[in-house]
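Novice: Join the two chains, each given in its own frame, into one complex according to the hints.
The listed protein sequences correspond, in order, to chains X and P. full-length UniProt numbering numbers the first residue of the first sequence as 1 and each following residue consecutively. full-length UniProt numbering numbers the first residue of the second sequence as 1 and each following residue consecutively.
Misleading hints may appear alongside valid ones.
Derived DSS-like pairs: lysine-lysine, alpha-carbon spacing no greater than 30 Å straight-line [to be verified]:
1. K825(P) <-> K649(P)
2. K41(X) <-> K152(P)
3. K649(P) <-> K41(X)
4. K649(P) <-> K87(X)
5. K515(P) <-> K41(X)
6. K353(P) <-> K87(X)
7. K129(P) <-> K41(X)
8. K825(P) <-> K41(X)
9. K87(X) <-> K515(P)
10. K26(X) <-> K129(P)
11. K57(P) <-> K41(X)
12. K56(P) <-> K41(X)
13. K562(P) <-> K692(P)
14. K205(P) <-> K353(P)
Because the hints were derived from the structure by calculation, they are not lab data. All values reported here derive from a predicted model rather than from experimental measurement.
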Amino acid sequence: MWKSLVVAIALTAASGSAFAASAVNKDAETRTLIVTEGGGKTELALAAGETVEFCPNGCFVTLPNGDLEALTGSETVEISGGVARIK
Amino acid sequence: MFFRFLRLLLVLALVVSAPHSFGAMAQGLGQAPAGLVADQQKILQGLMTKTDALEKKAQADGVDDTTLVDIRLQLEELSREALNSALAFRSRLSEINPRLEQLGTPPAAGQPPEPDIVTGERQALASEKAEINAVISSAQTLAIRINALIAKIGNMRSELFRNLLTKRYVLSDALSPQVFSDAQAEYTNFYRAVSSWLSFAFKFKFQAMLAATLMSLALAAVLLVGGRRLFGRIFEADPSVEDPTYLSRLSVAFWSTLLPSLAFSAFLASTVFLFNYYNVLRGDIGVFLNTLAAVIAVVFCVNRLTNAALEPRQPNWRLIQVETGPARWLVRLTTAMAVVIGVNSFLSVVNDKMGSPLSLTIARSFVSTIIVGVILVLMALLKPYKGSDGSWRPWPAWLRYTAIVLGLATIVAALFGYIGLAIFVSVQVVVTGTILVTAYIGFLSAREIGEEGGFAGTSIGRWLSANASYEDTALDQLGLVVSVAINVMIVLVFLPLILFMWGFQPGDIQAWAYKLATGITIGSVTISVTGILSGIVVFIIGYFLTRWFQGWLDGSVMARGKVDTGVRNSIRLAVGYAGVAVAGLVGISAAGIDLSNLALVAGALSLGIGFGLQNVVSNFVSGLILLAERPFKVGDWIVAGDTSGTVKKISVRATEIETFQRQSVILPNSNLINNAVGNWTHRNKLGRVEIKVGVAYGSDVKRVHAILLEIARGHALVLKNPEPFVLFTNFGPAALEFEIRVFLADVLNGAIVQNDIRFAVLDAFESEHIEIPSTPRAEVKVKQTEAWPLDDDKIEVEFAEKEQAEAEAAAEARRLAKSGRKARKPDPS
Numbered sequence: 001m002w003k004s005l006v007v008a009i010a011l012t013a014a015s016g017s018a019f020a021a022s023a024v025n026k027d028a029e030t031r032t033l034i035v036t037e038g039g040g041k042t043e044l045a046l047a048a049g050e051t052v053e054f055c056p057n058g059c060f061v062t063l064p065n066g067d068l069e070a071l072t073g074s075e076t077v078e079i080s081g082g083v084a085r086i087k
Numbered sequence: 001m002f003f004r005f006l007r008l009l010l011v012l013a014l015v016v017s018a019p020h021s022f023g024a025m026a027q028g029l030g031q032a033p034a035g036l037v038a039d040q041q042k043i044l045q046g047l048m049t050k051t052d053a054l055e056k057k058a059q060a061d062g063v064d065d066t067t068l069v070d071i072r073l074q075l076e077e078l079s080r081e082a083l084n085s086a087l088a089f090r091s092r093l094s095e096i097n098p099r100l101e102q103l104g105t106p107p108a109a110g111q112p113p114e115p116d117i118v119t120g121e122r123q124a125l126a127s128e129k130a131e132i133n134a135v136i137s138s139a140q141t142l143a144i145r146i147n148a149l150i151a152k153i154g155n156m157r158s159e160l161f162r163n164l165l166t167k168r169y170v171l172s173d174a175l176s177p178q179v180f181s182d183a184q185a186e187y188t189n190f191y192r193a194v195s196s197w198l199s200f201a202f203k204f205k206f207q208a209m210l211a212a213t214l215m216s217l218a219l220a221a222v223l224l225v226g227g228r229r230l231f232g233r234i235f236e237a238d239p240s241v242e243d244p245t246y247l248s249r250l251s252v253a254f255w256s257t258l259l260p261s262l263a264f265s266a267f268l269a270s271t272v273f274l275f276n277y278y279n280v281l282r283g284d285i286g287v288f289l290n291t292l293a294a295v296i297a298v299v300f301c302v303n304r305l306t307n308a309a310l311e312p313r314q315p316n317w318r319l320i321q322v323e324t325g326p327a328r329w330l331v332r333l334t335t336a337m338a339v340v341i342g343v344n345s346f347l348s349v350v351n352d353k354m355g356s357p358l359s360l361t362i363a364r365s366f367v368s369t370i371i372v373g374v375i376l377v378l379m380a381l382l383k384p385y386k387g388s389d390g391s392w393r394p395w396p397a398w399l400r401y402t403a404i405v406l407g408l409a410t411i412v413a414a415l416f417g418y419i420g421l422a423i424f425v426s427v428q429v430v431v432t433g434t435i436l437v438t439a440y441i442g443f444l445s446a447r448e449i450g451e452e453g454g455f456a457g458t459s460i461g462r463w464l465s466a467n468a469s470y471e472d473t474a475l476d477q478l479g480l481v482v483s484v485a486i487n488v489m490i491v492l493v494f495l496p497l498i499l500f501m502w503g504f505q506p507g508d509i510q511a512w513a514y515k516l517a518t519g520i521t522i523g524s525v526t527i528s529v530t531g532i533l534s535g536i537v538v539f540i541i542g543y544f545l546t547r548w549f550q551g552w553l554d555g556s557v558m559a560r561g562k563v564d565t566g567v568r569n570s571i572r573l574a575v576g577y578a579g580v581a582v583a584g585l586v587g588i589s590a591a592g593i594d595l596s597n598l599a600l601v602a603g604a605l606s607l608g609i610g611f612g613l614q615n616v617v618s619n620f621v622s623g624l625i626l627l628a629e630r631p632f633k634v635g636d637w638i639v640a641g642d643t644s645g646t647v648k649k650i651s652v653r654a655t656e657i658e659t660f661q662r663q664s665v666i667l668p669n670s671n672l673i674n675n676a677v678g679n680w681t682h683r684n685k686l687g688r689v690e691i692k693v694g695v696a697y698g699s700d701v702k703r704v705h706a707i708l709l710e711i712a713r714g715h716a717l718v719l720k721n722p723e724p725f726v727l728f729t730n731f732g733p734a735a736l737e738f739e740i741r742v743f744l745a746d747v748l749n750g751a752i753v754q755n756d757i758r759f760a761v762l763d764a765f766e767s768e769h770i771e772i773p774s775t776p777r778a779e780v781k782v783k784q785t786e787a788w789p790l791d792d793d794k795i796e797v798e799f800a801e802k803e804q805a806e807a808e809a810a811a812e813a814r815r816l817a818k819s820g821r822k823a824r825k826p827d828p829s
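With the rest of the complex left out, here is chain P (with noise of 0.2 Å):
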């Protein structure tokens, strides 16, 4: 991106630098800037010339696989210059090809000639545009060129690795008693080398290296105090916890290896720089300090790591449940282990400066391979556990045969003079054999923590419940994602390491995150992994602010606005439809997928949607409509078929409807498209209530009216307009049917008033002796329950039992009132 904005830079400059005004344009397009195509002709001459050299050095140093790299990142920005170079011309290009245009073509024979300026304006540009084709054309053969080259140095780069693979040296020349006084001769020249450059430092560079050790160490103990102090707790084991949990030895492990790991590497890091800073160094020694400072590092991290992992000292806080006796004896093995491959690597660092003979390489090589691989073998063959019977176990048969067969591997290849592929196995076995334990034992970490309840127990968990109030649930999605981002970190920490290790190079993974940021081409289609992640993203962002515009519209404007309640939730659900559609289209298009070749499918999948979809498309349709043609809102009162009870929620495809037993109906919203549906409150909460009342034949009918009548206009809750009516609606069989008709401003009040009226209604034909005829009317023998003597204590214990009951009954009504919530009013119906 940055490269591609730099080139973008680069053409616009040259697009304004380009020396041509308006005026002269409008003169019949004026001459070439002066030089512009010799200009890239030079510009090209030079890249090719470099192209040439690298060419050739290529040829010549074909021998180190890191200036082979080095080479090729040199050639992609010489073709990415190539490229530049040619697209010099496009201002030039897009002012002649339409000026071409309008010139037309010659005249043919027989027509009249044309004047001879525009001939000679015409010849002109077509030969200025022939040359600079021709530059194009050099250009795209240099870059032609140079991509050959590039995938050249790619063969010769795996050839280069399996000849250090496979090729044999002869052991009977390297192993004679030559290669002591060879060694002899080596190590005099190297104490003399150290010795002088020693004198030279003192004599004449003694404050500098003084300053500088003084710095370095200075900077240790700052690195050493402040990181114990800061992450001390985090990575130190505490011998007084008795049974630490899995996890807590799990991250001390990583930790305990990671950050001094880290922070010994930074200190060896600024030393060697320091030193450089303060040119105390001086020809080879800085080349041996370098690969001193990361031999000590390689060996520290793994005698870091064993020490996490065995913890010989501690049991309780040991990973790998060994034996402690084995598990001192391992710990200095893999030291020991290190120790070798770390000091083979250094001494072949010494010879090739030394420029010693190959035999003292081979020696050296063979001894430490062969070390290495005895090593491998005594730790498979080590018994570390310990069974009940208390006898000694040996490890899992997988893990003693893979280390058997890798030691014996690396000791049968040097022996037959494999020397290349013995070191090369040693090596990997050490190093990347740290790099993946380190790394499993952060994966397992994380999987501890992404457990349920894993994170609330480590020591963030446990401070994030304390002081942010956090949920268990929140927390243990927290530490999911906790969990993910541990894993990402670990892939992408350790796997450059290992590609290191497996002798990528810098350059190898450079180039590749850049195919992979700009994309693969497979055929036609383009993926690409920064467009897919920018397409994610940019959903994302629209989703949220979709969520905070729909927060922001209901809750600050419509709220305000003092929107209904129902008008408000459609207008939410359908912004927020709308908005995580467009956040959805935008992402598409963001992640570089042509929306044209959707439509395409969409066709297709039309005529599917028509049969298999036909019903959720049409509830989904339906939805839309119940949005916005709204019969009904949330909290409506309605009755669908056999449904009656309050609306709920209204989403795309169903509607939920809560009856008053509290069940929940999920209707399609087809049906409540297509068929009817009854709305007690769609307008008004307007509503009419009836109640039936049969007085005995023989009553006054004129008084149970006036009685009836004058009970329903009585009741605070019955409107006044609409009237109240009574009406005599039957001579019924055993009774004079009356109905009581009664309108309420809020329908959902009708059990109550239904109730009240019914109570008053008995009460007042009770004291006016109006029968309420019944049949058959069962037949109850009342028993009289003899009312004396008094029992003072029975009463005395009922009073007390009412008195509380009713105290109970103001404590409860005081506690709702306090919670602010109303006592629920009846169901209507």
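Here chain X stands alone, though its shape is the one from the complex (with noise of 0.2 Å):
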């Protein structure tokens, strides 16, 4: 019984798991994001040093510099010297 309920847990675990992207800003100061997620457009600011996860199911993305652009749910944006980097 216990073979059984372990595959089976296993399978389970194998089978599912969470994600969503995540912003990290690495300057001294506040930068922000717009994201474009379902309907709507929403500014996304991150303090210094935080880091925010968002879009878990996909989304556009409009970067400090002006850059558009598409994020499927699972990246990271690393925003460095008002640069972002998607990773």
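Specialist: Here it is as structure tokens:
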């Protein structure tokens, strides 16, 4: 019985886990991302050194330098020196 | 997850297939992959056209709920595709951006000009980036538009539902004699359609139809016979059982509704499928047949359920204790209601397909809702119980009034022309009622199984206890698990069914499930069911892995390596705590909870811990120190303050000590760390035992010393090295005091040795005529019993008793030897 239980649990564990994109602000000042998710745009203000999870299902992001990028929801956006990099 | 994975694959494929070689990059990043922008533009154009088409369709077909749901699902897919097409630029952008940084800003006025090639490349890259940005922006606009459309469709659907319920029809038009001729005409049409299809099928598709019919009949036979063979015992009421338990009645009712309904539905579905497969169906006939099958399935299910719950033929299997006559009537009335609703929905499909006038639809709905309302009121007025005086009693008030109100509401709504509302209510009463009652029966049986001893009484429980030697408590726990599982299953099966009934579409539920699985965002916190579940699952896996590793390390590695039990215990505990802690941390991070947030909470808590939980924490830390330092281990004989005994268990907060009176003392670990702890068996079990002996003044002390030393040396358990020693301790007030000091290999044998030596001393002093003075010695007059005459009988009886006692002692010793248990040593103190 245990064996089958363990197998079942392992399968369930393998089949599901949650992700969200995260944004890190490594600058000393507040940076703003504009996130388009669902039907609306929201401004995501990141204080200095803050990390925020957002956009679990994919979204569009306007980066501080005006570039527009699409995210699937598993990336990390790193802002340093006013420039954002997607990893 | 699957979609996410697909998306990931797509992105990967795009990245891999992007036609960039390393060499090309080295030469200053070449040109854009031929037509990436154009490709995506084309794709987006296609998506936009599709969106336009869907929007138009939604406006045109705004009256049909199913189409709207379908459109919404397609729109959601389009939104995902738009995002994907924007994602395709990721790799290109990640090449352009660093290159632009490398090129730097154009030189300001007054600075030396840069080479033309640099300027040219910067301009080319910048313009390409602008193009890409434009395309992504259009994808974004498209996504926003699609989401707005999805929201609009939601509004349209709720509007539609409100309309359905509140629309009023003029009954006087619908109920004119014109209706009869309309009905006549429609019947003729329907008859013609069916008969023409039948003649067509007989002429051209006879073999196919025969094959399909025969195959579905064969399947029905297999389901019927096989199902009865396999599950017959579960769901057939056995008339020979006098007084079936509540649980068995419940399970019979539940399964005898569920299994035959499922089998019957499978049979109907396969019939429709086979007819479709052989292309026997034509035009509207397929729709008619589908509806007919659904209607028959519902009527069958309702009939099975009422029969199972009321058992008109077998009063002792009846679930609801009504009298036989009313039970029969209830079954008839419910079945009639189901038939009316079924026929009505079948006719509505016929009306739809035949394009019959609205008046006919209204008349049909009017009649059927009135009938359902009347049946409801009749059922409410039925008197199902018999009182002790033989008079008939009605239903409980709440049930009676609910049914009457529902029935009257249906009739009144129909009479005022709110046909949509009336139909909605009557269908809900039949179908939702059936589903709810089945689910309720399931819940009840789950509760019964969860009761103490409930599971052991079921056939599975009996089988398990007979074949798998489960204990009663284990069976009870298993019963609890089963009952929880049944509850979950019922919710999983019946909740969607009820939602369907209440007008939700499969698409709705699918979208909810998707949302629930990927997470609901509240503020900046994302809660996702799968996240939390996977966290729990990861923790459980970690926990069992730890337990397994612990067991393996302890049982296989350390036991074989002849590691000391105390060390084994320490390592086992440490591994256990570490494993559970790691599993907890991994589980929390798998649940998607950021550990850095927890650190914040821990920081805030540490102040509180400093004050409030001081003792607990100090005990905890002390426990860890005890495990690491091991001043004593399990099985040691320790003395801590007033407590003396063997250590039974060292846990994180406290240590359990069993005194020699078998009292368990729980000592907080901090006591054991902060205060002196004596351990008799720390490095070894070597220990010294002292026995005080006093002899009378005037005795030959040299002789006494020699005798005592000889006795001490002569004992088998006394060590030769360190040598036993006899100390002439004191010229006491009453005696010359000696002390025998002997060392034992195992101090736990102290009591035995002391005993033996004292006996030996007494014997030796007696034979050497050495007095042991005692002040004050109690004067006891020993009454000498007469030795003569001997009573032969008494001696014989005493001898027999002695024999028997010896035999019993021998048997006891044998039994102990057999069971492998050693006779316990006396406690050392």
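Novice: Against the structure shown, which of the earlier numbered hints fail to hold, in ascending order?
Specialist: 3, 4, 6, 8 and 13
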